[in-house]
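**Student:** What follows is each chain in one-letter form.
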Amino acid sequence: GENVEQHPSTLSVQEGDSAVIKCTYSDSASNYFPWYKQELGKRPQLIIDIRSNVGEKKDQRIAVTLNKTAKHFSLHITETQPEDSAVYFCAASQLTGGGNKLTFGTGTQLKVEL
Amino acid sequence: EAGVTQFPSHSVIEKGQTVTLRCDPISGHDNLYWYRRVMGKEIKFLLHFVKESKQDESGMPNNRFLAERTGGTYSTLKVQPAELEDSGVYFCASSPQGLTNEKLFFGSGTQLSVL
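These protein sequence lines are chains B and W, in that order.
Start counting the first sequence at 564; every next residue gets the next number (my numbering).
Start counting the second sequence at -2; every next residue gets the next number (my numbering).
Since the hints were derived computationally from the structure, they do not count as laboratory data.
Among the clues, some could well be false.
[What the hints assert, rightly or not] Chain B regions said to be covered by chain W (calculated; three or more residues, Cβ under 8 Å):
# : stretch
1 : 579 to 588
2 : 667 to 677
[As the list claims (entries may be wrong)] Far from chain W by the CB rule (all over 10 Å, computed), these chain B residues:
# : residue
3 : Gln569
4 : Arg624
5 : Ala633
6 : Lys634
7 : Glu642
[Stated by the list, open to error] Lysine-lysine pairs mimicking DSSO-like chemistry, simulated, CA-CA at most 27 Å apart:
#  : chain 1 : residue 1 : chain 2 : residue 2
8  : B       : Lys634    : W       : Lys48
9  : B       : Lys674    : W       : Lys38
10 : B       : Lys634    : W       : Lys75
11 : B       : Lys621    : W       : Lys100
12 : B       : Lys605    : W       : Lys38
13 : B       : Lys605    : B       : Lys620
14 : W       : Lys75     : B       : Lys605
All C-beta atoms in this analysis are idealised placements derived from N, C-alpha and C, irrespective of residue type, glycine included.
Using the sequences and the accompanying hints, generate a full structural model.
**Tutor:** In structure tokens form, the structure reads like this:
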């Protein structure tokens, strides 16, 4: 089955700096890669996702890059703000039309300091 | 639009007791998933319903766990009898059928503590 590794487990940055979180996956058949943000006490929320036919996707200060050859994908947050502080989870799955069984990484605790 | 709701938000029980978790998906979502996060580890898949049918239950740890979705609306996950290693946060997620079915919407989770 799929295995997703995520690094780092904790990340502390100064407000305004960039943050990068990296994930690797094992199953070359995976074709969908979402990122979820979970603020303390709240539900995980989808912030960006990418399919394997695209190498990069950007949404305002957030971007995701995918390298299918190396089987790794990364989340980039620019101009970080205190409200970006949360746990971020990467995930991978193989979309088959019959549902979406996500395999998650272990999460990254991002802290944005003033 | 109401999101995915889970009840209770917290449950503290003793080893050997029974606990039932409930999930109400977003109205109209045929796909319903249960996931679990044990302290500090990844969020792990437990099972997937399409309407009232179990599509994939490969992540269920053992036969102490029973999930149901009678009528294809809300779902329950029962743990009987609970063991210490069952402690963790149990998440429910739902998604619609069709072109956007890959986007899972999560509930806030049930924090289960087995003492």
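**Student:** Determine for every hint whether it applies to the structure shown.
**Tutor:** Hint-by-hint comparison with the structure:
Counting residues of the stretch 579 to 588 of chain B whose beta carbon lies closer than 8 Å to any beta carbon of chain W gives 0, which falls below the threshold of three, so the coverage claim is violated. Coverage of the stretch 667 to 677 of chain B by chain W holds [criterion: at least 3 residues with CB-CB distance below 8 Å; count 4]. A cut-off of 10 Å between C-beta atoms contradicts the statement that Gln569 of chain B is not in contact with chain W; the least separation is 8 Å. Look at Arg624 of chain B: its CB is around 20 Å from the nearest CB on chain W, clear of 10 Å, so calling it non-interface holds up.
The non-interface label for Ala633 of chain B is consistent with chain W: the shortest C-beta to C-beta separation is roughly 21 Å, beyond 10 Å. Even its closest Cβ contact with chain W, about 17 Å, leaves Lys634 of chain B beyond 10 Å, as expected for a residue assigned away from the interface. Even its closest Cβ contact with chain W, about 26 Å, leaves Glu642 of chain B beyond 10 Å, as expected for a residue assigned away from the interface. In summary, the hint linking Lys634 of chain B to Lys48 of chain W is not supported, as the alpha carbons are separated by about 33 Å, beyond the 27 Å threshold.
Among the hinted pairs, Lys674 of chain B with Lys38 of chain W is consistent with the structure: their alpha-carbon atoms are about 19 Å apart, no more than 27 Å. Between Lys634 of chain B and Lys75 of chain W, the direct Cα distance comes to roughly 37 Å. Violation of the 27 Å bound is thereby established for this hinted pair. Distance hint between Lys621 of chain B and Lys100 of chain W is fulfilled; the C-alpha atoms sit about 17 Å from each other, no more than 27 Å. For the suggested pair Lys605 of chain B and Lys38 of chain W, the alpha carbons sit about 17 Å apart, so the restraint of at most 27 Å is met.
A C-alpha spacing of about 25 Å is found between Lys605 of chain B and Lys620 of chain B, which places the hinted pair at or below 27 Å, so the restraint holds. A distance of roughly 23 Å separates the Cα atoms of Lys75 of chain W and Lys605 of chain B; the hinted pair therefore holds under the 27 Å criterion.
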